[in-house]
Structure formats: C-alpha cells, structure tokens
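Residue numbers (our numbering), protein chains in the order written: chain A, 1 to 101; chain B, 102 to 568.
Don't read these hints as lab results, they were simulated from the structure.
A few of these clues could be false.
[Said to hold, decoys possible] Restraint-style ranges between C-beta atoms, simulated for each label pair:
(1) A258/B <-> A83/A: 40 to 46 Å
(2) E255/B <-> T99/A: 35 to 41 Å
(3) G14/A <-> P444/B: 50 to 56 Å
(4) G424/B <-> A83/A: 29 to 35 Å
(5) H47/A <-> G498/B: 55 to 61 Å
By construction, the Cβ of each residue, glycine as well, lies at the ideal position given by its N, Cα and C atoms.
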Amino acid sequence: MISMFDSAEGWGTGRPVGVGAVPAVGERANLSFEALPPGRYAVRAFHDLNGDGKMNSNAFGVPIEPVASSNGAEPRFGPPQWAEAAFNAGPGETRHPITFR
Amino acid sequence: MLLPPEQALAAVCPSDWRLGFRDVEADIPSAPMRLVHGRRPECFAGRLYRNGPGRFRRASGPVAHWFDGDGLVRRFEVDEQGASLSARFVDTAKRRAEERAGAILAPGFGTPSGSGIRVANPDDVNAANTNVIVAGDELWALWEAGSPVLLDPETLATKGLKTLRDDLAHMPFLAHPRFDTNGQIWSLGISGTRAILWRLDARGRLLETRLIELPRASYIHDFSATENYFVIVLQPWVFEGHGPTIVSALSWKPELGTQILVLEKANLTRRRSFEVPAFSFFHLGDAWEERDGTIRLDACIEESPHFAVEAALDLPRGVYPRGPVAQLAMISLGRNGSGSLRPVSVGAEFPKSDPRWAGRARRYSVRAALFDSERPIARGVGVYDWKRDVSAAYDFGADHLVEEFVFSPNGSREFEGWLVGTTVNLKAEATELHVFEARNVTDGPVASWRAGTALPVAFHGTFVASS
C-alpha cells in the first residue's frame, strides 16, 4: 500500500494526493501515479502482510507491518521527516525506488 | 610505548574496579572453571544464566550509560565434573548495526542516537541486556522497552524476537516478571501512562493481556505482586516530553511523593492508591499480604535518581562520581489506606528471596550488600531477617565486585537452600562463581570456582537446579 504526498503538511497530517496498492509478489512491484504536476513529492509505503488494507500497529501505536519511505529515509521512532523523504519528480516520467528492509 | 587507558590504570591500581566495566571482544566458548575454595555440596548442581552489558565501546567511542551496553548472556554450569562458563552476545539489530558501522548508534537509557540508525520500532534498538529467564524449555533475554529475545538454552545462540502474539509485536516487556506459585508469569510493558499487563503460563505461552492506565508516567523498571494483588510503585521520576535519551526525558519531582497502586488480580478495575515519601528505585522484592490485610514488600530505595542520572553515565568511561547507595526498606500498605516506608539502613541492591514464597508472607531477603564510597558495586552478600529485623552479611573484601545472588531451594522450609552468584575478583582478574548455605551467609561461600577471564559486572539471572 503506497501513499504519495506533495507537501510537508500533507506528509505530517496523513493527507496524500495519491494512494495505490500493488500485490507484493516476488521481489519487485511497480505502481504508477499519473497526471501529477512536476514538483517535490514523498512516498511512504507499508507491506500489508495480513491484507486488511490498513497499516497495523500494536497496542501502543508502533507499526507491526514493514514500512518504507522514499529516498531510503529511515524511521526514527516515527516516520521520517518530509525533508528527508522528499524528491523531485517531473517533468516527464520519474522513477523512484522504494526499498523494504 | 603508549598503553590503552585500562592497561595503564591497571598497572597503577591492581585492584581497579574498572575491570568490571571492560569490553568482552567476542563470544566465549565453554571452558572449565577452577575450584579455588571449598567443595561442591553433593546436592548442588545446575546452571546459572546471567545477563548484563558486555560491550560498551566502538571505534567512535563508548555508550554514554552503563545500561546501554550489548547484552552478554553467561551460562555457569556445575555438576559432578566441576564447573564451566560460556558466554555469548545476544544477536540484536542494535549490535549488528553498530558492528557494521563501527560506531555506537542506538539511542538508549543514556546514550543519544548516532546518525543513520533505522528505528522503525523499539526492537531496532533492543540491547537485550538486563535479565535472562527460563520459561518452560525456552531461554529469554529481557530488556524492558521491547520484546524478549529467544535464545537456545544450550548454545546461547539467538533464535529471534519472542513475539507473544502477532498483533503485540514490539510491545515492551519488563526485565522483572513475577513468577507466582501457580506457575504463571506476570509482566508489565510501560509506555508513559499506559501499561500492558502480560499473563503467561509457566511455559511462556500468552494467556491474557490487559491494558491499564496509570495515574503518572513514572519510570518503571520493576513491579511486585502478592497472591491476590499487583503492586505498582510510581516514583516521582516522570517522563515529561521526549528527549534524545530516556534519562533526558525524565524529571525528578520529589514534591509528588511516591504513589503506590494496588490492583486486584481478579478484578483490575478495583484499585487502591497509597502515598509514601518520595524515593527513587529500580528493584523491589516479592510482596505479601499479612493476616490483617496489610501488604508488605521490600525495596532498594534511593533519595534521588543520582546513580542512574549521573554515576552510571560515567562508568563505561572508567569514572565513578561518589554518591549515596540504595538502602533496603520495607513498604507497608495498610487496609485503612495508609502507606509507610521504613528504611533499615543497610546498603542494598539486587534483592531476591525464596521463590516458593513468592506472594506469601516471608521472612528472608538476600541482597548485594556492603558498599564502599570509593567505588561502585557491592563487596558483600547480605541476608535480612524481617522477623528479627537483623542483617547478616559476608564481606568478600575490596578485591571483589559482588553481583546478584539468587536463592535455590534445598529443603522444605523457607530459605533452606543455597545462595548462588558471581563476583569479579579484581586481584585474580577473573569472574568467580560462589555457593553459600543461605541460612549461614556469614560463614562465607562453601565453594568457589574461578573462570579463566573476567567478565564485566552483569545484572540479573536465573538458576536452574539439576533434578
């Protein structure tokens, strides 16, 4: 499950400009976000291990499904900062890898 | 020729306490220990597992707190053949990341985060270094802010995080669970004012969890229990906001006093609250109920968290700022709602008692005892008799750093059995294993074995008697 954000405010308040899901079969999967204007974006994703469509957390709110962000930005007792995860996209097609560790 | 600082110091001060805070560079394969005193009692055989920080330094420098070193689990084995010691580091994400980077990275009790460490959940920085317990066939290394870590009881190899239920992955689990006489294992996991109560069977399988709200966000390292109640001591050392380390996020507010919550095991909504004078603590003894309903428990208390906030930061750097040591005290919580604190003016840490009397009215507590102001760590073992209000102790002398001693039964009466524990012999530069007759601590150990190496001072462990 993948969410794309176009601003620090959106990133911080959980308001994406695009969301998508792609089955995680094998080592790679691709998802395209189309018709977005060129600009700075950040992506965070989680691996929906139990297929319930939600990023599951434990009783104290700690994620228990694998998470990943753009730029390989690392979580630090919470998602990484917008500034660490943001990358430039466009004009034209931009490919950005998200790697789950 | 320039010597490394530890060697230079050792040349000048041969009985240097810093030996108790040196790094172990690698796992230690099983090696025999030499009997150096007495004889193994015929009825004494078994395995002492212990855990404590075993590595403090990387190329970039040391951890900034004693509590943040990598967990090194030790296994001392005693049988007819003699005694042996093996030790193995817990294979944690923290240790792997720091090994790769050649630097201390994980934020911890007193160590701020280095750059580049991934912290998706608390287990990414789990040091697995505080206690080691046996649950059925399993061996668990405990920390407090994350999961237990599963180890192989024979080889001490790390098998992975112990997740008690999938949706409770990475939940905290205190290093001091209580083992009741029904065979159940109880623990807490703390996050600010929220706590999870864990109830496990004797084999470590999860039976139940409950979420509990606490009236203050105290630092909680230990809790206690009677047959029918939980006792949660809320010291006035409370989390306020966030900090780069646990210690930096805690504020000492003695004006709040110490609040003690008593919850009924059978109905957790039934709770009583007691006020006692302010103190700071890490460790409590098993609690009990008197016939008149008064709840009692012993505790190792300090006037303030000086040791954790100041002294323990400096220990990995070989510095000991003097300060007061923890004292043994009896806490009483009366049926009429009044709480009292009675210090008994003996230095005390690592309190233990006869596990068959867990939750029941009991007479004896064993502790690390006899503290010098010049150096950290006890130099003796003490037994307190709560019936006669008398302390008895054995002094190993200035050449020993005395660690936790646990009780192992041998006989049907309370405290009939052995005291088993370790010291770091600073003169011999070796870790030693000692056995005492519990009811005759002043006679000194009945047997002592010496290892071929000195391990750093460890925290807590478990003795498993051979049947």
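Comparing the hints with the structure gives:
About 41 Å separates the C-beta atoms of A258/B and A83/A, a value consistent with the hinted range of 40 to 46 Å. For the pair E255/B and T99/A, the beta carbons lie near 37 Å from each other, so the given range of 35 to 41 Å is met. For G14/A and P444/B, the hinted distance range of 50 to 56 Å is satisfied, since their beta carbons lie about 51 Å from each other. At roughly 42 Å, the beta-carbon separation of G424/B and A83/A lies outside the given 29 to 35 Å, and the hint is violated.
Evaluation of the 55 to 61 Å hint for H47/A and G498/B yields a pass: the beta carbon distance comes to about 58 Å.
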